[in-house]
Each structure stands twice: as C-alpha cells, then as structure tokens.
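Number of protein chains: 4
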Amino acid sequence: MPRHDAAIAPEEAARAARSDARRRQVLHAAVPLMERSGSPAVSMQAIADEAGVSVGLIYRYFASKQELVQAVTEGVLDDMARMLAETVEPEEDPVRQIAGAFATYCTVIRDSRQAVMLTYRESNTLDEVGRSVVKELEVRTVEPLRSAVDTAVEQGLLRPIHAELFAYDLLTVAHSWALKHWYFAPRMTFEEFLRSQTALLLSTAIHPEHRHRYPDLLGDLA
Amino acid sequence: MPRHDAAIAPEEAARAARSDARRRQVLHAAVPLMERSGSPAVSMQAIADEAGVSVGLIYRYFASKQELVQAVTEGVLDDMARMLAETVEPEEDPVRQIAGAFATYCTVIRDSRQAVMLTYRESNTLDEVGRSVVKELEVRTVEPLRSAVDTAVEQGLLRPIHAELFAYDLLTVAHSWALKHWYFAPRMTFEEFLRSQTALLLSTAIHPEHRHRYPDLLGDLA
Amino acid sequence: MPRHDAAIAPEEAARAARSDARRRQVLHAAVPLMERSGSPAVSMQAIADEAGVSVGLIYRYFASKQELVQAVTEGVLDDMARMLAETVEPEEDPVRQIAGAFATYCTVIRDSRQAVMLTYRESNTLDEVGRSVVKELEVRTVEPLRSAVDTAVEQGLLRPIHAELFAYDLLTVAHSWALKHWYFAPRMTFEEFLRSQTALLLSTAIHPEHRHRYPDLLGDLA
Amino acid sequence: MPRHDAAIAPEEAARAARSDARRRQVLHAAVPLMERSGSPAVSMQAIADEAGVSVGLIYRYFASKQELVQAVTEGVLDDMARMLAETVEPEEDPVRQIAGAFATYCTVIRDSRQAVMLTYRESNTLDEVGRSVVKELEVRTVEPLRSAVDTAVEQGLLRPIHAELFAYDLLTVAHSWALKHWYFAPRMTFEEFLRSQTALLLSTAIHPEHRHRYPDLLGDLA
DNA sequence: AATGAATGAGTGTTCATTCAT
DNA sequence: TATGAATGAACACTCATTCAT
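Protein chains in written order, with our numbering: chain A, 1 to 222; chain B, 1 to 222; chain C, 1 to 222; chain D, 1 to 222.
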C-alpha cells in the first residue's frame, strides 16, 4: 500500500469522526427544541443558536431542514431502540420475556414521552422515504416482542393468538402512556399503569392451564 | 308578539344560517387539506382557493388560522362523536354492549382514518384551551364504553378490572387501525382486525365463568 | 311656477337636509377617532361602527377615505374658525383687538388641542387640492388678526412691524400650546401661558409711546 | 495582551462597522421616503428597493417597522442637533448669542424643512418611549438657547421675561419657516424672514436701556 | 336609502437556503 | 471548515372598496 494512501486514510477517518461529532452536536440541540414545539415551529437559526454553530454549518451536514427533521426522528427512534435493546433482560420463560419487554417499553416511553409524541407528530412532515424508514425502525422495535409471543404460543403458554397483533397492541398500549398521558397521569401512577396493563393484557393471552404460574404478573386477575 | 320582532327575527335567523353555511363551506374545504398535509403546511390562500372564496372572507368567519385549525379539529372529533352516537346499538348484555361499541369505534375510525391522524397531529398546534376542549371531547367519547365496562364488572360478567384503563385501551387499540394502518393493512383485512382484537381484548376481561356465553365474540379463544 | 316644481323642491330640500345630517353623523364619529390615532390607523369599519351605520353608507356620502379625511380636517378647521368668529369681542382699540383675538385663539386651541394636532398630522395625507383648501382656511383664520395689526400699525399704536409676519407668529405661538403641550403644561398653567405670551409678544410690537396705555396686557414688562 | 484578543477585537470591530454602515444605508434610503410621504405610506418593500437591499435584510438591522421609524426620526433630530452644535458660534454678548443661535436654528431648518415636518408628523406614530426620546432631544436642543436667555436676563440685557417660554417661542417661530413655508415663502425671502423675526422677537425682549447696542439686530425697530 | 358580505391587492414579517468571505 | 450576511418567496392578516340584496 503506497504511503499516500496510508497517510490519507487516518485523515479521512479523523474527518469522518469530526463530521459525525458535528452531526450529533446539531441533532442534540435540535431534538429538545422539536420535541417541545414541533419541527415547523423551530427555525434553523434557533437550532444553530442552541448548538452553538452557524446556520451555514448545519447545511454542511444536513442537506435541508427536511433531512434534519428526518434525522431527528430517526435518532429519537434509534435511541429508544437502543435503550430497549440495552434494558431487556434475558429470560427463559417466554411469557416473562414478554412481560419484561413490555415493562421495558413502558419505562423507556415514560422517560421519553416527548420523543414518542414527536415520532407521531413528525411522521407527516417526512416524505415517503422518510416515513418508510421510520416504519421499518418501529417494526424492528416490536420484533423481539413478536418473536417472544410466537415462541410462547408455540410452547402452548399463550393461547393461539395473532402474534403480530398482540405484539403491536402491547406497543400501542405502552405508547398510550405518552399519547394519553393527560388522561392516565391524574388517575394513576406509572407503576399502577404498568402493573394493571400487564395483568390486563397478559391475562388475555395466557393459556388457562398456565395461569397459575404467573400470579405475580396477573395480580388481582390471577 | 309585536311586528318588530316578527320582522327582525327571520332576517337574523337567515343571516345566521348563511353565516353557518359559510363556516361549513370553509371547514369543508380545510378538513381534507389539513388531513392530508397538516395545518402548518396548508396556507390560508390554499384553503380559500379550495373553498372557492377569498382569503379575506375566511377571516370574517374565523378570527385566525389558529381558530380555524381548532374548529377543524373539533369538527372532526364532533363528527366522529356523532357517528358513534348514531351507530351504537342498544344491547341488553353489557359485554355485548362493549363489543358493539368497540366495533362501532373501529368502523368509524376505518372510515375516518385521516381524521383520527389529524387529531393526533394537530393536538400540539392547538393552544392550552383548544387542547383541553379536544381532551374533553375524547373523554366524552369513551364515556359510554367506560360505563358499560363498569356495569359489566358490577354484574360479574367481567373480572374486577380497571374500567377506565380498559375502556381507554379499547379506544387506543381502535385508533391503532388508523395510526398503524401501514402495519396492519398489509397483514389483515379490517374484518380480521376487528374480530381478532375483539377476541383478544374481551377474552382478557370476561370472567371465566361467563366465557361460554360469548363464543361468537371470542372466536378461537373461546 | 308649475305644480311639478313646487312639489319636487321641498322633497329635494328634505333629501339634502337628510344627506347633510348623515354626513355630519359620519364626521362626528370620525373626528375623535382620527384625532386620537391618526387617519391611517382608523379603518372605515371602525368609523362606521362608531357612527352606527354601515360601511357602504359612508361611501354614499364620501367618495373615498381620502375625501373623508379631507372633510374631517376641513371640518375641524371650520369648527375652530367658527368658534373664533363667535368668541372674538369687538373692541375699539386695535391693540386690544389683537390681544383679545390672541386670547380667543389660545382658548379655542386649548379646548381643541387634538384638533390642532390633527391638522398638522393629516396635512400630508391630503392631496394637493386638499392641502390648499386647508391653507386657505388657515389664512382666512389669521385674517382678522392681520387686519387688526395693520390698523394698529397705521394708527401708530404698533411700531412699523411686518403685519403678516406678526399675525402668523401669534397664530404659531398659540398653536404651540397644543403642539408643545408636553413641554408647557408641566411648567405653567394655561392662564400663565396666555398672560406671559401676550405680554411678551405685544411688548415687542407696541410703540414705546403707547406702552403706558396697556399695563394690564404687558404685566411685568409694562 | 494575549493574541486571542488582538485577533478577535478587530474582527468584531469590522463587523460592527459594516453593521453600522448597513443601518445607515437603510436609514439613508428611508429618510427621504418618509419625509415625502409619512411612514404609514412607505412600505418596507419600498425602502428595501430604495436602499438596494432585500426586505429581509432590513429586519436584520431593525426589529420592526416601528423601530425603523423611530430610528429615522431620531436620526433626523440628531442630525439637526449636530448641525446646530457645529454651527453655533461662541459670542461674548448673550444677546448676540441668542440672535446667533436663532439664526443658526433658522438656517438649519431651512436646509432640513422636510425633516422638521417629519418630526411633527411621526410623533404620533411613535410609541410612548419613542415619543419621550424625541421630546428629550428637543429639550436638549433648546437648552443652549434657554441658558443664553437666562444669562442675558441676569445681566439685565433682557427684561425679566420667562426664559423657557421665550426660548421655546424662538424655536417654534424658527420651525414655522418649515411648517408654514407655503405661507412665508411666497411673501418673503428666507433672509427677510430671518431678519424680521430676529428684530421682532428680540425687540420684545431687550431691555430699553440696552436697545441702542443692537441696531444691527433690531433693524427698523431699533 | 341602506346593508354588510365579499374581494384581493397589499402589508409587515419570517425563515429556509445560499454564498462570499 | 466555518461564518453569518443576504436573499426573496411565502405567510398570516388587514382593509378600502364594491355590489347584490
């Protein structure tokens, strides 16, 4: 390998690293602004100010506001996906896997309520491509849940329910802590919400023969 | 009754009627535009063009764009509330009442998918007052469902579940046909969605002793 | 004279009278609004509301807003001219005539401060024709003062001063109670203003030989 | 001094200088337009066109049209104040000081007739703060005149007249060359106006014992 | 004679985007 | 690489004016 290449490669790597850091810097500034006010109400100038860079610089890293919004949305979903991945504890019993994953979802959503709302709100700001990326991310997010449900059904722990439907319902209900927070928050604590929803939804699905195994999950409905 | 009143009243009534017609005309034009693109992306000019009136005229009937957005959102929710009220069939059995209401919800939502998405999206465009109006409307919408659940629990037909939670879950899941349409639609028909969700959610809640009464609702899960 | 004419004439007179009343009604409403805020800030709608008539009606009596502003300005000047004419007391001594007229000017201006300011402000809203009408009115207003000065000079009661200049200075200084009210009002009462200005300006002009005749006018400067 | 400062300071200074130049460029374009037509009749677009910049740019230097109007008015008054300050010649004799200052006022006003009219017209466009700034500027402008009058009275050169009143009358009369230009201009030259007014007003005030000292100022009235 | 609904050009203002430095 | 001055199209909103009733 010629010296030339050897000299350039690290340079390029460094540049790429710096570039990435810049992107993150801008995104980091944009996220809370857009969570609070929605992207149309946030100007590029405001983002630049918040990030401590110039407007022009943002355009070096994002071709347009549209693209920045896209990146923000994806970033938010990515973060949530990462948090989920990091937090889900491995469980032997697939039912407990489901319950654990649901609890994790809810907890992550509790901590990122604004982010969840952002993904719902911005979805129509995005173009077709952007939207499909977001959808894919979401599908990937439910995936572990769905496969756990599948396994549980196969093992006869759950009744023969529609796995995709059930998994998505779990996600939807978890999201509702964010989307309907104004409704739930004055009526119950997050812990109550989590406990009740777990009992409610799992008791649906668990095969009667195996209900006795999960008194802790089913609570009053055991 | 004096002639004065007799002469004035119809005139005013006629004016009020015309005024109302104009409002509706504008709203009628604004709704699909906002459903498609979200209010920030729809200009007053575009609405005026669509309605076939001048921009100035819109401001005779709506003090600001904000107010128009508010009216659009409320109108959409009102329509849905009315459709619900008209369609819910009276049932003796509270469980069947719940199932019927859920089916109605889902059907209305199927027919007003864009409207549902609009209410989620615009909620952050609205001001505090507007938002609370929207919330109230939604609460009023779940109310019949909640009271049916309450009754069913009291009669021992359902397990001792959290009525508000369950009712809201039903609404949330119904909404998901709109919000997650891109996910569900390629995987199942609306009828399958409705049947599966009904079975899934009710099977959760129905007291084991009474499950045998509802084989039609529970399907495979009976 | 044919009966035809005899029948029509009173009708027309009545119509003219009604028409005049309408004009006055509108002007009456417009004057305080324009005095307060300046014509550009007052909408035709606001004037119509204040007058208790419809916008359309105003256009039956005034061809345009411009013309209405013109009429308002002329009306205000006319009123002041009339008040002056009514209040000036006939005096034998031309010097006392001058002093009396000046006092009257000042008093009228004190009571119509806003009107005076309006004439200064609106002068550039008017077109060339309108402006010249206003100027003519003002010239006619100073006229009695100027002729009194002329007479006084001829009779040797005043030094050989420039009559037009002096008369206009008197008007200008009288106006200054309105134009510089923010300056004078905190420093002196209107009576002090009037007394001091009279003494100051007349003492300028009165021929030394005749100063002893007017101790009441000259005060400390006698 | 660290290099850092040495490097930054000039940059910032240069930026400030450019920024100032832009402000002046815009003001320079706005002044004649507003002098001619009054601020409400001048659109931001018109100003931008006149200045050869874009509308948007104006808003980088002036937060609103209001602020621009304010700046124009203050600028005009500032200019006049500066011209006055530069032109007033120091005189030993306070009476000659007064006459000199009056002549300067009149001359400046002759050269800035439109500016004077603008200050009268725009005063009601300004908000309370803006108005008080303008008033303060005017008071500061009369100040030298007022103090000269005070001195002259103390030295017995003038009769015991009200210094503030007299000073303000001098200003008012000087302004009248602008405000009543349509009246004076066809009747006399500026020089005649200045000479006559000086004689008229000073002859008022000069103590009889000292009149003989100022035959040049008093002219025919000596 | 009188209304006021309707118009649409025009306003002040914002902001995504570009580009000379 | 980084800046921020500069652009100008677009926006929400107003209001003098017209005209069908």
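Calculated directly from the structure, the hints in this document are not laboratory data. Where a beta carbon is used, it is the ideal one built from N, C-alpha and C, also for glycine. Incorrect hints may have been included.
What the hints assert, rightly or not - A few chain B residues facing chain A, derived, Cβ under 7 Å: (1) 120; (2) 121; (3) 135; (4) 137; (5) 160; (6) 169; (7) 200; (8) 207; (9) 210; (10) 219; (11) 220.
To see whether the hints hold, each was checked on the structure:
Proximity of residue 120 of chain B to chain A holds as hinted, the smallest CB-CB distance being about 6 Å (cut-off 7 Å). At a threshold of 7 Å, the smallest CB-CB gap from residue 121 of chain B to chain A is about 6 Å, leaving the interface hint in force. A least Cβ separation of about 6 Å between residue 135 of chain B and chain A falls short of the 7 Å threshold, and the interface hint therefore holds. For residue 137 of chain B, the interface hint is violated, the least distance from its beta-carbon to any beta-carbon of chain A being 12 Å, above 7 Å.
The closest approach between the C-beta of residue 160 of chain B and any C-beta of chain A is roughly 6 Å, which is under the 7 Å cut-off, so the hint is satisfied. With its C-beta approaching chain A no nearer than about 6 Å, residue 169 of chain B sits inside the 7 Å limit, and its interface hint holds. For residue 200 of chain B, the suggested interface contact is upheld, since its CB lies about 6 Å from the closest CB of chain A, less than 7 Å. Below 7 Å, beta-carbon pairs count as interface contacts, and residue 207 of chain B has none with chain A, the closest being about 10 Å; its hint is therefore violated.
Annotation: residue 210 of chain B was flagged as interfacial toward chain A, and the flag is violated, the nearest CB pair being 14 Å apart, outside 7 Å. Interface hint at residue 219 of chain B: violated, since its Cβ lies 10 Å from the closest Cβ of chain A, which is beyond the 7 Å cut-off. With a least beta-carbon distance of about 6 Å to chain A, the hint placing residue 220 of chain B at the interface is held under the 7 Å criterion.
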